[in-house]
Amino acid sequence: MPAVASEPVRAVIPLVFLALATWFVRDARRSVALPIPAPSGVTRADLELGPPREPLRDPPTIQNGPFRQTCRECHDVFPSPADPQTSLLQHTHVVLDHGLNDRCYNCHRRENRDQLVLHDGRGIAFDEVALLCAQCHGPAWRDWQSGTHGRTTGYWDRTRGEPVRLGCTQCHDPHAPAFPPYVPLPGPSTLRMGRAAEGGPHARPENPLEKWKRPEEPEAHR
Amino acid sequence: MSTVPQAPASEAPSRRSFLRGAITVASGMSAAVAALAPLREIDSEDLPSIEGFLQKHYKEMSPAEMQAALERIRLEVRKRYDVDAIVRDVRPTEGVEFVYALNLSRCIGCRRCVHACVEENNQSRAPEIQYIRVLEMPRGTTDVERGNHHYDHPTVPDELHYYMPVQCHQCANPPCVKVCPVEATWQEPDGITVVDYDWCIGCRYCEAACPYWARRFNYTEPELASEQVNPLMSYLSNRPRPVGVMEKCTFCLHRVREGRMPACLEACPVGARKFGNVLDPESEVAHILREKRVFVLKEDVGTLPRFFYYFDERYPRADGTGADEAGAAPEGG
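Line order of the protein sequences matches chains A and B.
Per our numbering, the first sequence starts with residue 1, numbered consecutively.
Per our numbering, the second sequence starts with residue 223, numbered consecutively.
In isolation and in its complexed conformation, chain A is listed as follows (with noise of 0.2 Å):
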């Protein structure tokens, strides 16, 4: 008879779905381990980029001890030898790394230091320092002028709100003029993006697809 032949098999049937129940809670019970990678730790205050570069504005002071003073003051009275570039006795604070760019009254006006020179003998208010920059940095002040190069901030839109340009030396020390290097901030966190691959800073994250590429010829360029 089907029946009798069946029973050893009804009688599993209550003792399957009895593992299945045990199995489900225990299951509910575990914590599903999502590989959340930790917060960056970036903050605020990381992303301040602080104010611009202060440079010398019209009329061009330093704190000389206790006394605000021109340049004038000082350069009126003691002359300074007529190529000082490697026997600064003064400023000494100035480092001068600016490619060929390397005699103060390239930039100075020698005869009234409260100014700037152009390669004519003309002199300039520090605040008109782009005309000198852009003797040299032709492309850049071009640029510079039409805005694409160096900071737009603020708004995009003058109806609403004023845009804020800076000048040359806002963001360039005039002395050395390269900009410094920065410290990166932390790289991808994403899920899928994954880690980056132990082995150096130039690790690929492990990308699955890759298993069915070639391997990669060394780069040639590096």
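Since the hints were derived computationally from the structure, they do not count as laboratory data.
A couple of the hints might just be wrong.
To be verified - Derived coverage of chain A by chain B (criterion: at least 3 residues anywhere in the stretch with Cβ under 8 Å from a Cβ of chain B; other residues may be distant): (1) 15 to 21; (2) 62 to 72; (3) 143 to 152; (4) 175 to 185.
What the hints assert, rightly or not - Here's a subset of chain A near chain B, in silico, CB distances under 7 Å, partners left out: (5) 25; (6) 37; (7) 49; (8) 52; (9) 160; (10) 188.
No experiment lies behind these values; they were computed from the predicted model shown.
All residues carry an ideal CB built from backbone N, CA and C; glycine is no exception.
Use these hints to put chain B onto chain A, whose structure you have.
Relative to chain A, chain B alone:
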């Protein structure tokens, strides 16, 4: 086992077969109930509110309904983060089309834009969802397959590489919009592609369709501390998202539609990022498109991006020459 003749099926069941059947049914039901055990962990606060559930699509809401939705979001933010947020619905302006331009000659790969974006747009911090990813590229190629996301030099830029940040390109022909089965994402008149987080069903088709990998999915409940919340929110951009929805760069819609610059641009220390209204011929971006050498990423896929990469005429070569020609840094840089 049993030699007793079975009762015919038409008669009442025997005590033994009844018990056997009852045990089978009871154990089956307990298994079914146990299978539902994970439902116990659902927090009633995670379920959508009735107003949220009945809310219409963004484009179909009347002004009064939009006000009600904004108020609901404001209350939810206060409940969840204990923050008094200002939630608005900022609409596009006539005659404005936004374009982004990025100067590859200037970018130094410092990733300040990446994190400024996270701060501005209330993304989840763990896992940290980042809209911008910066690729470190070997000099001499634009093959993004050779880019590296995970560079960690002590300082940047590295001499042998250049840096290419990638974010949503706000395409004029956006594949992500086409694939959305519920029209939860669309392109606005000013060119920004947006997501209605209350309409998104989380199918992630758009993520798969985007050739720039610009969309992000909230796989987990976004984790965001109260002090990290940016209280200036808008419906289509940086209001907090629930788990299970897509999100993406909106060019900081709540900022740029009020005339301001996006957060990533404000954070850029070198001025590599340029933003503006391309319909204004006097704007910086219009000038760049006219005068500079410009390219778009993956032009061949036909997405017509509004995000342009450009570079300056002179750039120091990988061997170090070129930078110091005529005693000048590259273009005054």
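May I ask which of the numbered hints given earlier this structure violates, with the numbers listed in increasing order?
The structure breaks hints 2 and 8; every other hint is satisfied.
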